[in-house]
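**Q** Chains A and B are the protein sequences, given in the same order.
Sequential numbering from 1 applies to the first sequence in my numbering.
Sequential numbering from 1 applies to the second sequence in my numbering.
These are computed hints drawn from the structure, not numbers from a lab.
All C-beta atoms in this analysis are idealised placements derived from N, C-alpha and C, irrespective of residue type, glycine included.
Take the hints with a grain of salt, since some may be wrong.
[Stated by the list, open to error] Heads up, incomplete: computed chain B residues facing chain A, CB under 8 Å, no partners named:
#1 Leu34
#2 Asp36
#3 Tyr38
#4 Gly42
#5 Ala55
#6 Gly57
#7 Val59
#8 Thr62
#9 Arg70
#10 Leu73
#11 Thr592
[Stated by the list, open to error] Okay, the calculated bits of chain A under chain B, using three or more residues with CB under 8 Å as the criterion:
#12 14-28
#13 44-50
#14 71-77
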Amino acid sequence: MPPEVPYGTLDLMVLKTLDTMGALHGYGIARRIEQVAQGSLALNQGTIYPALLRLEQKGWISSEWGASENNRRARFYSITRAGRKQLAAETDNWVRTMAIVNRLLEHER
Amino acid sequence: MTLRVLASRLQAAVSGAKRDRALDEEIETHLHLLMDQYVRQGLSPRDARFAARRAFGGVEQTREAYRDQRGLLFLEQFAQDVRFALRQLRGNTGFAITAILTLGLGIGVSAAMFNVVDAVLLRPLSYPDSERLVAVYEAVPSGVAPVNAAHFLEWQSNATVFDELALLNAVAMNLTDSGQPERLIGARVSPNLFPMLGATLQFGRAFTPEEDQVGRDRVIVLDDGLWRRRFGADPSIIGRMVTLNGDRYEVIGVLAPSFHFPSFEQLYSVPSTTPRPEFWKPFGLAEGERNPIGNFNYVSIGRLKRGVSVADATRDIDRLEVEIGRHLPQRLDLHGVVRPLHAQVVEQSRIGIELLFAAVVVVWAIGSLNLLNLWLVRSLARRNELAIREALGAGRGRLMRQVMVEAFTVTAFGAVAAVVVAYASVRSIVFLAPAALPRLDEIAFDARGWLYIAATAAGSALILGLVPARHATHVAVRRGTTEGRDVGQFRRFLVAAQVALTAISLVIAGLLLQSFLNLLAVDKGFVTRNMTVVELNLIGSRYDSLAARAAFLRALEERAAQLPGVSAAAVSNKAPLTGAGQSSSISLERTTVPPLERPAADVRPVSPQFFATWGIPLIAGRLFDPSDGNRPVAIVSEFTATHVWPNQNPIGQRFRFGLMPAAPLVEVIGVVRDMRNIQLDRAPSFAAYMPYWQRDSQVASLAVRTRTPSLSIASALRDVVRSLDPDLPLQSIRSMDDVVAQGTAPRRFQLNVVVLLAASALGLACLGLFGVLSYAVVQRRTEIGIRLALGAAPGSIQRLIARGALPLTFIGLALGLPAAVAAGYALRPLLFGLTPADPAILTGASVVIFAIGLAAAYVPARRAASLDPMTVLRCN
Numbered sequence: 001m002p003p004e005v006p007y008g009t010l011d012l013m014v015l016k017t018l019d020t021m022g023a024l025h026g027y028g029i030a031r032r033i034e035q036v037a038q039g040s041l042a043l044n045q046g047t048i049y050p051a052l053l054r055l056e057q058k059g060w061i062s063s064e065w066g067a068s069e070n071n072r073r074a075r076f077y078s079i080t081r082a083g084r085k086q087l088a089a090e091t092d093n094w095v096r097t098m099a100i101v102n103r104l105l106e107h108e109r
Numbered sequence: 001m002t003l004r005v006l007a008s009r010l011q012a013a014v015s016g017a018k019r020d021r022a023l024d025e026e027i028e029t030h031l032h033l034l035m036d037q038y039v040r041q042g043l044s045p046r047d048a049r050f051a052a053r054r055a056f057g058g059v060e061q062t063r064e065a066y067r068d069q070r071g072l073l074f075l076e077q078f079a080q081d082v083r084f085a086l087r088q089l090r091g092n093t094g095f096a097i098t099a100i101l102t103l104g105l106g107i108g109v110s111a112a113m114f115n116v117v118d119a120v121l122l123r124p125l126s127y128p129d130s131e132r133l134v135a136v137y138e139a140v141p142s143g144v145a146p147v148n149a150a151h152f153l154e155w156q157s158n159a160t161v162f163d164e165l166a167l168l169n170a171v172a173m174n175l176t177d178s179g180q181p182e183r184l185i186g187a188r189v190s191p192n193l194f195p196m197l198g199a200t201l202q203f204g205r206a207f208t209p210e211e212d213q214v215g216r217d218r219v220i221v222l223d224d225g226l227w228r229r230r231f232g233a234d235p236s237i238i239g240r241m242v243t244l245n246g247d248r249y250e251v252i253g254v255l256a257p258s259f260h261f262p263s264f265e266q267l268y269s270v271p272s273t274t275p276r277p278e279f280w281k282p283f284g285l286a287e288g289e290r291n292p293i294g295n296f297n298y299v300s301i302g303r304l305k306r307g308v309s310v311a312d313a314t315r316d317i318d319r320l321e322v323e324i325g326r327h328l329p330q331r332l333d334l335h336g337v338v339r340p341l342h343a344q345v346v347e348q349s350r351i352g353i354e355l356l357f358a359a360v361v362v363v364w365a366i367g368s369l370n371l372l373n374l375w376l377v378r379s380l381a382r383r384n385e386l387a388i389r390e391a392l393g394a395g396r397g398r399l400m401r402q403v404m405v406e407a408f409t410v411t412a413f414g415a416v417a418a419v420v421v422a423y424a425s426v427r428s429i430v431f432l433a434p435a436a437l438p439r440l441d442e443i444a445f446d447a448r449g450w451l452y453i454a455a456t457a458a459g460s461a462l463i464l465g466l467v468p469a470r471h472a473t474h475v476a477v478r479r480g481t482t483e484g485r486d487v488g489q490f491r492r493f494l495v496a497a498q499v500a501l502t503a504i505s506l507v508i509a510g511l512l513l514q515s516f517l518n519l520l521a522v523d524k525g526f527v528t529r530n531m532t533v534v535e536l537n538l539i540g541s542r543y544d545s546l547a548a549r550a551a552f553l554r555a556l557e558e559r560a561a562q563l564p565g566v567s568a569a570a571v572s573n574k575a576p577l578t579g580a581g582q583s584s585s586i587s588l589e590r591t592t593v594p595p596l597e598r599p600a601a602d603v604r605p606v607s608p609q610f611f612a613t614w615g616i617p618l619i620a621g622r623l624f625d626p627s628d629g630n631r632p633v634a635i636v637s638e639f640t641a642t643h644v645w646p647n648q649n650p651i652g653q654r655f656r657f658g659l660m661p662a663a664p665l666v667e668v669i670g671v672v673r674d675m676r677n678i679q680l681d682r683a684p685s686f687a688a689y690m691p692y693w694q695r696d697s698q699v700a701s702l703a704v705r706t707r708t709p710s711l712s713i714a715s716a717l718r719d720v721v722r723s724l725d726p727d728l729p730l731q732s733i734r735s736m737d738d739v740v741a742q743g744t745a746p747r748r749f750q751l752n753v754v755v756l757l758a759a760s761a762l763g764l765a766c767l768g769l770f771g772v773l774s775y776a777v778v779q780r781r782t783e784i785g786i787r788l789a790l791g792a793a794p795g796s797i798q799r800l801i802a803r804g805a806l807p808l809t810f811i812g813l814a815l816g817l818p819a820a821v822a823a824g825y826a827l828r829p830l831l832f833g834l835t836p837a838d839p840a841i842l843t844g845a846s847v848v849i850f851a852i853g854l855a856a857a858y859v860p861a862r863r864a865a866s867l868d869p870m871t872v873l874r875c876n
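Only chain B is shown next, with the shape it has when bound in the complex (with noise of 0.2 Å):
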């Protein structure tokens, strides 16, 4: 099909049945007299009616020769409307480079960041028939728990709405042969877990249910990204033998790059720092660990059957649980949750993917704003132009069609732009954003991207097209170049638009801004100054008991602390801000409360000298020292003592850490002040503390302060673990300031995006304001001349055109401020420590638009304070 033909029957789709129906009556006219013609010529009718179609020729053809000329038409007329357009566009490359710019940029970034929010919080996840996957816990009285593995087989033998249902959790191993050692993270799974998600190896097989017991478990599978990166993606890896924790185990398969499993940061229902497993292992319930009372720590994860919903699933899940609560030996209120995996998995990142998106459309908005502006300035300025045209006789449908191709033109340019912007900005995202984004790994630029670009682009053009145009072809030749006053308010309209949407940004970004402040200044009750930190997990024959342990850190923190520009050393299982310890509940000796309503709290085994390394005073009472012995004892934290002991003096009580009656009595024997150990952002809580040879720790955590920032020390205190043990691997050394940095890296990308976007917003509504009032000085030259020649001073006029600005930045104000604070009571969980209505944040806002009014209006003031009267005056 020839190009004509195609445009013919484009144009004949477009406005054709009305002039072929014409066609069609004029071919009966025309028979006809060639009819009459032979008829009087002397044929019969019969005879003339023949002899007159032969003398037409085919009807058809003439009427598809005729529809063909039509489309010839309308290609020849698009043809040249596009090169009209191009020239226009040559001629005025400022204008052409501004609005490809704005479109590409525009279209670019807003594409990229809507590749984000649909791969992580729009797709389904990434497993067959994913909307039937759920995540199951448990529900006690304080709240959301992690599974317990006893109640789990309960739930496997029992409930009926699951296909398949499996418990996995994190593990961590240290990983010794080739190499340096390293410290692994893993995840022990049910072996059904891999057929439920789909999961395809690209070598080897998954587990089989016999692989599921303890000393029948010894094999593993890869991750793509560990077997690429550690064993240097080796296809015979399959039967390889490795040292894991000093237990060898059998490589039996590795997993293919498609799967994609989340973090356990987004499993556990409560905060957790654990990232993606790189490795898996059946998970061979230890008898230890079916105990039904504690041991609240895994994660459950189950297909419901076909047609069975969500809140089926609760039911019967809760149905299991309240029967579990009633047959244990204390008796327990028990009940289930189940969530569907995809909420589980991005919910608490929703609101800050959300956010950018929202951030990035307020400036891709606030520039189309700019653009449309400066577009319809331009087709102002070509009214006479086209009113002429009309006048000459082109229809004002040519006229309008001509307006809309360069609008599309223009767009065609800014959507190849945006592709290239939205394939970069999708890299750069992924590279840059925090690692515990959900779903990181599926993030790509893709076919939807695509169609979002073509999407947007074809509704960009049409605004643009059509907007001018219904401005533009209105108008009478006499009409001159004063400015419609319909259209110089639409102008105004639109800057005060982008005065609201400015407004929203810079509140935003000021009350992230504030937060983020507030974080970081908060008291978190131990200091950081000049304070490395090393972990280290403990792992191995040579840390096979509680003694060798403690014997190892006593060592360490000796020659630690004998370290030249060391001032302080401590041992400790976790050091603040790294992530969750040990959590147990404190049962008083002698209790009434129900087991589940115990605080639980969070246990942490240190050395002595823990509290003054750290800069954690004591309250009350006395440290722990090596005379303690075997003597449990135990220091608690302030919250700990005001709350579990109100108006009684904490020092000498004694309780047990768990649930089970016959643990052991600890006695409190000092109170200290509470720190921020977990996360800067939570407030302290419960906290016990107990001596690191009373209490086990298979990860461990060497803290040194030093009298002067020191680099290193890093390789000083590498050296010292080496000198006591040479296998053993560190997992990290790091200065506590980069700890918190790591802690707070989410929040702070989020607000450099959102700072960056508030400063883009903040410039292309200068730009918009200085365009409207630059423009407003050329209209009012006469008046201005006037003035000046009847002796107005040139400062006058500068205020009078400054004022200008004031009407716009109010009415932007009076929209932006409300929508702002609205905008922030939706984005409550992610400030910290101030209110959405903040005032000092909205009147430093409304104090930056002012200003901006100001600056934009500088220039057109001072343009027209100079302008020289006679001129102006004799020109008009």
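Excised from the complex, chain A in its bound form (with noise of 0.2 Å):
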């Protein structure tokens, strides 16, 4: 069985997306993020919703409404600026604590 999302990476990661692939739908969003795990994750696509409204309340992304490719309409998400600095953060604080972790693992063996 895959491995779930926690909580918090996955803040990181819609706010890696949207850094990387610019103004994204829900859908699009959770596909990219798919795809970059290579099937490794197990992602219920709709748990996507609460976590893009949290960072929106938390002014890290910004959403506009769109028309799909299917020609529905849809909410877009694009980072904000404050969201990239949150997102340098939160990158920085990850590296450090799995180098952390890396040599802790290293001495036990």
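The two chains are supplied separately, each in an independent frame; assemble them into the complex guided by the hints.
**A** This is how it looks when you write it as structure tokens:
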């Protein structure tokens, strides 16, 4: 069973996706995350919406209505400047945490 | 249900459905895109739809998680707002304390008064079905009168509108066992009264119909208060025998403390000072009381049948009364009066209570206007901050919400303070209020008080939140520090309103104060200086005849007159201003006046020394003398002489007391000056005096005048009484000054409260003016700086600022004085000796208001004059 996505990491992944890909709607974001994870992540795509709302409430992304590929109305999300700053900080954090954990694990052996 | 979910539901209720629908649309699009993807990957449309749903996950869960997230924000923002509000208050403690105190005192005291108004005036009486309870009276040509027992019996047999009808009257008895002899006030009642009022007993039983006969009626029921006070709350009291007026009575019951009964002062249709009964006995109507003419002495309470109106009942009783009147030996014009019991009990106090409530509300309003003003100034000062935040993207809704949360936070603290203040105030009111206040024992701080506080706090929060929010958030950043013209005017309008309200309070306080002074200064007709009064009840086997009582009184007066320091002593039935005495009609020898239209005189058995002792001058004829013996003689008052024998010499005229033609003729031997013998605010009326050895009275009073104010006279008098009869209880020994003070106590209480409130109003209004004028100085700094630089004298600057106070005081007075006069007219029953539009008081109030206007302007004016023009102009 592929691992579930933890709460905070989803936010990070969404921000990174929007940073890389520009404006996307909910389906687009979910699809991109799945693609990048190459199937090793099980994501109920619906869970992305509360996360998007949270990110918008915090001011890290903004949204606009537009037309999707199949000509339906959809909200398009893009990262804000505050969001970019947050992304940089979190990425930094993540990398540093990983380094510490790696060193600990090495030591064990 | 977690707080988050609750908050999200709240948020959904407040703003929500639009965003939810938007989400639904997004989900629809997402599902379709997924479907298209699976179709592209080769699935059939049906399989693609299932696959899309599977990949998406639960739609409903998504919706719920979304809503939860929304609610979370709401909660977070609310918590943020509250924290911000608390920080603001902490940073500005002066303002915070002012606001919380103003709210706490204003809401708290008005809540206490509301409790009083509610408990006394609004709530129905504490009996089951109390709207059906009525008091019944008789109407005679000279007015409304208490009930005659024989007529009552007629009503009981023949009235069709009552379920139950009961008769009662007040009775005074001396309790003489175990401990100090004590005079108690009780009630004689028909046995059906307790069931009619739903009275519950904590011990024993009520009366049976068999006990309602003379001889079988030696049973009593005690009031809870008397049981605790006199009998030590003894649970085995039932069956105990007590001695009342020399007779043995069995205690058969004790009433529950939840039973409230009005005082007789409220039940009798004529002025009375009889308090609440402390014990109850069966009525036991005596033969002598069945006289259908005269003895209009009793109170009747009844319960109407369901569906019967007071008008129906009045018609029914009226019908019976007319019949009774027609069949009497002398035809009388009788009618019936039926009043709802609640109205009868509270009507007299209504105006006074409403006045106090209105006064409290006025002071609260003035204080609140101050608070509103302060609040406005504060939010104006923060206008720039809010404008910047708005420009940076904070929604206007968010900002307004934050202002509202601030307002609610402050009022929440104020409400807590208000609860404490209200509770303390109610306790104080109950403690300090005159005992004559109806339903005093039912006043307590209860659920309705809580509700009042919650409602007014919420209302205040809304006003505090909305008014400044409207003014503060509607600005562009470039407006700068100058006060928006509309806000300044609004604030000045608030202050003018304060001045108007203050004017009303001052005028009312002035009217009441002057009335009180008028009352105290009124010519009583007798002298009260250095007078001490002893009140006694001559009941028991030693005083079973007029001769026995007369002998006692003679001895009492002699011994009292010989006490050192005493310059005069006299006995009578009652001293002036201690309540009504005996009332008898004056029937001329050959009169054609119908019986009930004959004047009713206050008749007093007195000693020959009475008039000299009280300083009442003799105008014509002579005083009593022991040599008059048993030949019926009387002295009448001036009023009586001029009204009963107009243009004639009353000396030597003869008349009868009462309505019976067989009564002995009495000769008038003297005329004395009028005196206000019952109440200070009632003009003298018909009065007559007889020698105490000719006219009987159970109650007696000894009055002594000492040469100098004497504190020891009371114990000396007690010794005198005890030397004549050790078992005789003294009802009271008081100085005449105390008697007057007690009689005017309700009025004084009311006056004190109103004056206190008016003084508070004055202080608050002064503060309000001060605030506005100070701010005006700050506003006009530039202008003042220029004037000073151009050579204006500091004095002229001061005058300029002080003049700023004038328009406000003028407008305030223009609004307030007419309103005050109108209020004065509404309060006319409380006034004495003046009209509501008394020019002296109106002028006085205006002068005071101008004075506080100047006082409020003093400091700002000085501050303005001492501005350094260079500093002001430079930093502009």
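**Q** Now tell me, hint by hint, if it's right for this structure.
**A** Hints versus structure:
About 7 Å separates the beta-carbon of B/Leu34 from the nearest beta-carbon of chain A, less than 8 Å, and the hint is met. A distance limit of 8 Å between C-beta atoms decides the matter here; for B/Asp36 the minimum to chain A is near 6 Å, and the interface restraint holds. The interface hint given for B/Tyr38 is violated, since its Cβ lies 12 Å from the closest Cβ of chain A, which is over the 8 Å cut-off. With 8 Å as the threshold, the beta carbon of B/Gly42 stays out of range of chain A, its nearest partner Cβ sitting at about 17 Å, so the hint is violated.
Interface restraint check: B/Ala55 against chain A, minimum CB-CB distance 6 Å, threshold 8 Å, status holds. Satisfaction of the interface hint for B/Gly57 is found here, the shortest Cβ-Cβ separation to chain A being roughly 3 Å, below the 8 Å cut-off. Against a cut-off of 8 Å between C-beta atoms, the interface hint on B/Val59 holds, since the closest Cβ of chain A lies about 6 Å away. Given the 8 Å rule on beta carbons, the hint for B/Thr62 holds: about 4 Å separates it from the nearest Cβ of chain A.
Checking B/Arg70 against chain A: minimum C-beta separation of about 7 Å stays under 8 Å; hint holds. Annotation: interface hint on B/Leu73 holds; nearest CB of chain A at approximately 5 Å, less than 8 Å. The criterion of a C-beta within 8 Å of any C-beta in chain A is not met by B/Thr592, whose closest approach is roughly 99 Å, and the hint is violated. With a threshold of 8 Å between beta carbons, the proposed coverage of the region 14-28 of chain A by chain B holds, since 3 of its residues qualify and at least three are required.
With 6 residues carrying a beta carbon less than 8 Å from a beta carbon of chain B, the region 44-50 of chain A meets the three-residue requirement, and the given coverage holds. Coverage of the region 71-77 of chain A by chain B holds. Counting CB-CB distances below 8 Å, 4 residues qualify, and the rule asks for three or more.
Consistency note: the structure conflicts with the earlier hints numbered 3, 4, 11.
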